[in-house]
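One line per chain: the protein sequences are X and C, in this order.
Per my numbering: the first sequence = residues 2 to 278.
Per my numbering: the second sequence = residues 2 to 278.
It should be emphasised that the hints constitute simulated quantities derived from the structure, not laboratory data.
Partial chain C-side listing against chain X, Cβ under 10 Å, derived:
no.: 1; residue: T12
no.: 2; residue: F48
no.: 3; residue: Y78
no.: 4; residue: G85
no.: 5; residue: M108
no.: 6; residue: M168
no.: 7; residue: A171
no.: 8; residue: L173
no.: 9; residue: V174
no.: 10; residue: A198
no.: 11; residue: F204
no.: 12; residue: N229
no.: 13; residue: M235
Taking CB as the label site, the calculated pair distances span:
no.: 14; chain 1: C; residue 1: G217; chain 2: X; residue 2: A137; range: 47 to 57 Å
no.: 15; chain 1: X; residue 1: R21; chain 2: C; residue 2: A183; range: 48 to 58 Å
no.: 16; chain 1: X; residue 1: G46; chain 2: C; residue 2: R255; range: 19 to 29 Å
no.: 17; chain 1: X; residue 1: S181; chain 2: C; residue 2: E27; range: 54 to 64 Å
no.: 18; chain 1: X; residue 1: P31; chain 2: C; residue 2: G217; range: 51 to 61 Å
no.: 19; chain 1: X; residue 1: E44; chain 2: C; residue 2: D156; range: 34 to 44 Å
no.: 20; chain 1: C; residue 1: V271; chain 2: X; residue 2: D39; range: 49 to 59 Å
no.: 21; chain 1: C; residue 1: D156; chain 2: X; residue 2: E86; range: 26 to 36 Å
All residues carry an ideal CB built from backbone N, CA and C; glycine is no exception.
Number of protein chains: 2
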Amino acid sequence: MSRIAICAPSTPFTREDAARVIALAEAAFPQADLRFHDQCFSEHGHFAGTDDERLTAFLECANDPGTQAVWFVRGGYGAGRIAGEAIARLGPAAGEKTYLGYSDGGMLLGALYRAGIGRPVHGPMSGDIRRDGGEAAVLRALGFLCGSGEGLEPDLDGRPTVAFNLMTLAMLVGTDLMPSLAGHVVLIEEVSEYLYAVDRLLFHVTAHLAPMGIAGLRLGRVSDVPENDRSFGMEPADMVRDWCARTGIAFLGRADIGHDAANKIVPFGVAGATQRP
Amino acid sequence: MSRIAICAPSTPFTREDAARVIALAEAAFPQADLRFHDQCFSEHGHFAGTDDERLTAFLECANDPGTQAVWFVRGGYGAGRIAGEAIARLGPAAGEKTYLGYSDGGMLLGALYRAGIGRPVHGPMSGDIRRDGGEAAVLRALGFLCGSGEGLEPDLDGRPTVAFNLMTLAMLVGTDLMPSLAGHVVLIEEVSEYLYAVDRLLFHVTAHLAPMGIAGLRLGRVSDVPENDRSFGMEPADMVRDWCARTGIAFLGRADIGHDAANKIVPFGVAGATQRP
Numbered sequence: 002m003s004r005i006a007i008c009a010p011s012t013p014f015t016r017e018d019a020a021r022v023i024a025l026a027e028a029a030f031p032q033a034d035l036r037f038h039d040q041c042f043s044e045h046g047h048f049a050g051t052d053d054e055r056l057t058a059f060l061e062c063a064n065d066p067g068t069q070a071v072w073f074v075r076g077g078y079g080a081g082r083i084a085g086e087a088i089a090r091l092g093p094a095a096g097e098k099t100y101l102g103y104s105d106g107g108m109l110l111g112a113l114y115r116a117g118i119g120r121p122v123h124g125p126m127s128g129d130i131r132r133d134g135g136e137a138a139v140l141r142a143l144g145f146l147c148g149s150g151e152g153l154e155p156d157l158d159g160r161p162t163v164a165f166n167l168m169t170l171a172m173l174v175g176t177d178l179m180p181s182l183a184g185h186v187v188l189i190e191e192v193s194e195y196l197y198a199v200d201r202l203l204f205h206v207t208a209h210l211a212p213m214g215i216a217g218l219r220l221g222r223v224s225d226v227p228e229n230d231r232s233f234g235m236e237p238a239d240m241v242r243d244w245c246a247r248t249g250i251a252f253l254g255r256a257d258i259g260h261d262a263a264n265k266i267v268p269f270g271v272a273g274a275t276q277r278p
Numbered sequence: 002m003s004r005i006a007i008c009a010p011s012t013p014f015t016r017e018d019a020a021r022v023i024a025l026a027e028a029a030f031p032q033a034d035l036r037f038h039d040q041c042f043s044e045h046g047h048f049a050g051t052d053d054e055r056l057t058a059f060l061e062c063a064n065d066p067g068t069q070a071v072w073f074v075r076g077g078y079g080a081g082r083i084a085g086e087a088i089a090r091l092g093p094a095a096g097e098k099t100y101l102g103y104s105d106g107g108m109l110l111g112a113l114y115r116a117g118i119g120r121p122v123h124g125p126m127s128g129d130i131r132r133d134g135g136e137a138a139v140l141r142a143l144g145f146l147c148g149s150g151e152g153l154e155p156d157l158d159g160r161p162t163v164a165f166n167l168m169t170l171a172m173l174v175g176t177d178l179m180p181s182l183a184g185h186v187v188l189i190e191e192v193s194e195y196l197y198a199v200d201r202l203l204f205h206v207t208a209h210l211a212p213m214g215i216a217g218l219r220l221g222r223v224s225d226v227p228e229n230d231r232s233f234g235m236e237p238a239d240m241v242r243d244w245c246a247r248t249g250i251a252f253l254g255r256a257d258i259g260h261d262a263a264n265k266i267v268p269f270g271v272a273g274a275t276q277r278p
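Extracted from the complex, chain X is given alone in its bound form (with noise of 0.2 Å):
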């Protein structure tokens, strides 16, 4: 049996969504033991309820010793505001944990990384029920925490990797929760920004990762960009070379990650060492 707390640290859910993330668990691994915390569903404002609400709610989970994996509900923003807060409170128990989200979500991962807390994982949530194919996406999230490898990005080497969306990388860098990234390879995915945005944010996460010495970026999906009044005239992949280049980071190619329902697995660190909750 593997118990896995759900928590919102973003913006809140539906129960009528948490019921069927519930039911195709039930169907495919009997084994998962799901527990939506109530907090989950609750609205103030943007948020998934207070910036107290949301850190009590994720303490709750990861403090539980009865508990395997604390599972993001959803990303959208928010989990930057309590993660300070959450990492200075956290006990013993949160240490054995496997923690799984991506977007916004990342705030907190990349937190829990650089203090060395859990096993922090990049992958699918809850709340990709709501994407085209998104049961597909919940189930090989769902496999992993049950102890699957076959939904890990297929290009993991034996380098310490590290994956986020790309916004939440730049506004992590150079703050409190940002860890040391040398010798990791950094995947990097992005979704409704405008093209120029992303060189942008090229721009300023590169000139932050070079001086780390990182081994390399690799870039997953730049999805749903949105119309401009003219062209950008550069692709994603052309920007990152050339972003590489500027800073002297390797680029690695592309990337099995999105927001998306394709989006594979990525354990922090080394992902034979932690793929398993």
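Keeping the supplied structure of chain X fixed, place chain C upon it in accordance with the hints.
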């Protein structure tokens, strides 16, 4: 006679709008000699010409000993792609000039200020002629470039001050272009960003500015906020107050700057020392 060289470090302008700016200047400030560089009308994808073209035009304007000011024609995106190389290739004549612009132009203003070259100034650009009431903004900038202090932001005090678009500042912090702002009053403004994105930028920027020991933050206008599927639940001034309290930065109230025709002028450093070109 005040010769003002106009170039486009970011995105292109049109000859029609340039003619309107020239007509306005001829009527109100016959002592101003406006020279639109041809590069203002060059197009390369998103940009006003390739990086090389934009860099070359900026250097021609900045290194010309016959010119008293370099005026950026518009923002958009692109100045950060050439700013590092530009600074490295500025000669002695560049140090005798005023550099006026805002928005994406803040990348160059920040880099110039870090390098101690010339007098960077945050204020209206030729492109503001396109706004409702934009003639007033253009006239304010021209007046300043001809020696008037009338268009200055009304609450500048004896402390060194800078002003930035919030996104531009967020992309600048921690990079080789970022000046130290110890003891500075920092004015910020934003346009066309969701409030959750403004809050996210404030997290990032305050995390970088607090350790510098800035004198405090003042908030300009946050305009054209896109409608989200739900209300954020906080107004921009409350967000700034909150992030200032979290990071130990003094919140010094509102500022009369923004992406609009009322945008006032903020010379970098101490205003009295820099307001005449």
